[in-house]
Amino acid sequence: MRKSILALALVFVMSLTPLLASESDDSWLTRSGYYRVSFESALNPIVINTIHVWVFHIRNPDGSPVTGATISVTGGMPLHNHGLPTDPQMTREIGNGDYLVEGVRFHMNGYWELLVTVEVDGKRDTVVVPLDI
Amino acid sequence: MMNKKPNRTGVAVAVIALVTTGWWFIGPRTPATWTEADLALLQSLSIDNLPPLSPDRSNAVADNEIAAHFGHQLFFDTRLSGNGAVSCATCHQPERRFTDGLPKGRGVGLSGRNSRSIVGTAYSPWLYWDGRRDSQWAQALSPLEDPAEHGGNRMQFVRFIGNDPEYRASYEALFGPLPDVSDTNRFPETAAPIADTDASTAWESMAPGDRKQINVVFANIGKSIAAYERRIMPGPSRFDAYVRALLSGNESTAQGILSNEEILGLQLFIDEARCTECHNGPLFTNNEFHNTGILSFPGDLPDRGRINGVRLVREDPFNCLGEFSDDPERACPELTYARSGTELIGATRTPSLRNLGGTAPYSHKGQHDSLASLLDLYNRAPLAMIGHNEVEESLGLSNRELKWLEAFLNSLDAPLATEPEWLSSPP
Chain R
1 MRKSILALAL VFVMSLTPLL ASESDDSWLT RSGYYRVSFE SALNPIVINT
51 IHVWVFHIRN PDGSPVTGAT ISVTGGMPLH NHGLPTDPQM TREIGNGDYL
101 VEGVRFHMNG YWELLVTVEV DGKRDTVVVP LDI
Chain E
1 MMNKKPNRTG VAVAVIALVT TGWWFIGPRT PATWTEADLA LLQSLSIDNL
51 PPLSPDRSNA VADNEIAAHF GHQLFFDTRL SGNGAVSCAT CHQPERRFTD
101 GLPKGRGVGL SGRNSRSIVG TAYSPWLYWD GRRDSQWAQA LSPLEDPAEH
151 GGNRMQFVRF IGNDPEYRAS YEALFGPLPD VSDTNRFPET AAPIADTDAS
201 TAWESMAPGD RKQINVVFAN IGKSIAAYER RIMPGPSRFD AYVRALLSGN
251 ESTAQGILSN EEILGLQLFI DEARCTECHN GPLFTNNEFH NTGILSFPGD
301 LPDRGRINGV RLVREDPFNC LGEFSDDPER ACPELTYARS GTELIGATRT
351 PSLRNLGGTA PYSHKGQHDS LASLLDLYNR APLAMIGHNE VEESLGLSNR
401 ELKWLEAFLN SLDAPLATEP EWLSSPP
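Chains R and E, in that order, give the protein sequences. Numbers 1 to 133, taken from the numbering used here, label the letters of the first sequence in order. Numbers 1 to 427, taken from the numbering used here, label the letters of the second sequence in order.
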């Protein structure tokens, strides 16, 4: 009996694994659920005090790429009550839902939060992206 | 009246508790062992982690040997001033790690801020306490015309280079022929865009093409001085030797390099005292701007710091995006994506902590005559006089812990990694 309960529990945990994996896939759904946001840093791993570029991937919730978007990135360290040391800007839409954001730099190790705003044809939504540097 | 006998056990316990507590406060302390995370952080602070210097694309002669020698001569030459008595080395003295020992720099007059060291500044995207210049060469130009510092003017400097045969030869070998400035109708004796001066009126009267010719020579003077300054680098300290020994597993060797007090100070530095939030990387600076509640210089209004500096660097015609940069691509990410905002009110640039010995007084106007005084301020975290102190609460360190921190900071002193020939006036 005990064994079968354990087996059932194991099956239950395993069934959750894909859900957990998708959440830890480093993509975030915007607050109103309009867009799914992920990014790649040209500097990998991200180290402090080096200015670099990111590519943001913007998808619809169904996974299709979002084109014609405008992205803005602000943020900071909530525990330190200060913002980013730079003012990153989206400089180019690369295509296929990818957007180049330049001027990213972090000047302290620790916990950062980036506020990413995506706007397409007046439909604006935001998401907080957590980041440990 | 009750005659109570003292309880011997109670007294013994009290004495033991008192001695134990006292011992905790005043007895010798053994540093804890380092964790893997600590070791990674120590490695990030080591000078061995300093990357090779990136080329300065805005300065075509940045790594040119002739330019470095020419810049070396200019750096120590007092003729490059309004009164013939001030050189770059007046405030940036090699024997004081390129500082001057004064609260505020003293040239022709009294400068507005403390003279920062130039050691390792080739790594910094910003120069000055407020970052109002974005390269060593653009920075070198600014004091030359500051009425309180060198007190000269660019027209004077162009004539000076042209009239000195050795300087003219060096200049022309590097940059080509100097412009002919013999016609004083076109090129007045004194001319420069220095606000509210006769030099400015004369400058405005010049033809735009003539002004540009003068600006090009002026920029090249800065680029030559920068080629010299680029060589002034910090050397490995006892701290670096300690980290090297630790990382190679020689714990016992490491113990002989730093004292217990210095190691305890280092442990506070990377942990409880939160110093590495700003003093990070191998130069112990993030080169960013922070308001840490430093009090104003007596009699001065609070310094607006970076909020003004970011405006000034954008306006500077000699900045990375300007026409005098040698980079055809104008690749200037730091300047392009520089941020502004109220957070920068009263914020000044984090200084390196390498080689603090002999560079007192500290802070942007030399408000602190000792490290102990500065550490005490950080420990108390007072409200900022202007803007907002990022350090929001007291660190709560004891006097003893502050002394350990100071001991650690002094372990970062070391001879410069620059050949001695560059550290004095050229022959």
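Watch out, some of these pointers could steer you wrong.
[Stated by the list, open to error] Here are the simulated distance ranges between beta carbons:
id: 1; chain 1: E; residue 1: 250; chain 2: R; residue 2: 89; range: 39 to 49 Å
id: 2; chain 1: R; residue 1: 67; chain 2: E; residue 2: 177; range: 24 to 34 Å
id: 3; chain 1: E; residue 1: 308; chain 2: R; residue 2: 128; range: 30 to 40 Å
id: 4; chain 1: E; residue 1: 35; chain 2: R; residue 2: 89; range: 36 to 46 Å
id: 5; chain 1: R; residue 1: 120; chain 2: E; residue 2: 357; range: 10 to 20 Å
id: 6; chain 1: R; residue 1: 45; chain 2: E; residue 2: 10; range: 55 to 65 Å
id: 7; chain 1: R; residue 1: 64; chain 2: E; residue 2: 65; range: 55 to 65 Å
id: 8; chain 1: R; residue 1: 110; chain 2: E; residue 2: 376; range: 17 to 27 Å
id: 9; chain 1: R; residue 1: 110; chain 2: E; residue 2: 321; range: 23 to 33 Å
id: 10; chain 1: E; residue 1: 10; chain 2: R; residue 2: 110; range: 40 to 50 Å
id: 11; chain 1: R; residue 1: 44; chain 2: E; residue 2: 35; range: 36 to 46 Å
id: 12; chain 1: E; residue 1: 376; chain 2: R; residue 2: 45; range: 31 to 41 Å
id: 13; chain 1: R; residue 1: 45; chain 2: E; residue 2: 35; range: 52 to 62 Å
These are computed hints drawn from the structure, not numbers from a lab. Predicted, not measured: the structure shown is a model, and the values here were computed from it. Where a beta carbon is used, it is the ideal one built from N, C-alpha and C, also for glycine.
Hint check:
1. Evaluation of the 39 to 49 Å hint for residue 250 of chain E and residue 89 of chain R yields a pass: the beta carbon distance comes to about 48 Å.
2. Evaluation of the 24 to 34 Å hint for residue 67 of chain R and residue 177 of chain E yields a failure: the beta carbon distance comes to about 55 Å.
3. For the hinted restraint 30 to 40 Å between residue 308 of chain E and residue 128 of chain R, the CB-CB distance of approximately 32 Å keeps it satisfied.
4. Judged by the Cβ atoms, the range 36 to 46 Å given for residue 35 of chain E and residue 89 of chain R holds: they are separated by roughly 39 Å.
5. Remark: the range hint 10 to 20 Å for residue 120 of chain R to residue 357 of chain E is contradicted by a beta-carbon distance near 58 Å.
6. Look at residue 45 of chain R against residue 10 of chain E: about 59 Å separates their beta carbons, and that is inside 55 to 65 Å.
7. About 58 Å separates the C-beta atoms of residue 64 of chain R and residue 65 of chain E, a value consistent with the hinted range of 55 to 65 Å.
8. At about 25 Å, the CB distance of residue 110 of chain R to residue 376 of chain E agrees with the hint of 17 to 27 Å.
9. Between residue 110 of chain R and residue 321 of chain E the beta carbons are some 32 Å apart, a value that agrees with the proposed interval 23 to 33 Å.
10. Roughly 48 Å separates the CB atoms of residue 10 of chain E and residue 110 of chain R, a value that falls within the hinted 40 to 50 Å.
11. Distance hint check: the CB atoms of residue 44 of chain R and residue 35 of chain E are about 25 Å apart, inconsistent with the given range 36 to 46 Å.
12. Between residue 376 of chain E and residue 45 of chain R the CB atoms are about 37 Å apart, so this pair conforms to the stated range of 31 to 41 Å.
13. A beta carbon spacing of about 19 Å between residue 45 of chain R and residue 35 of chain E contradicts the range 52 to 62 Å that was offered as a hint.
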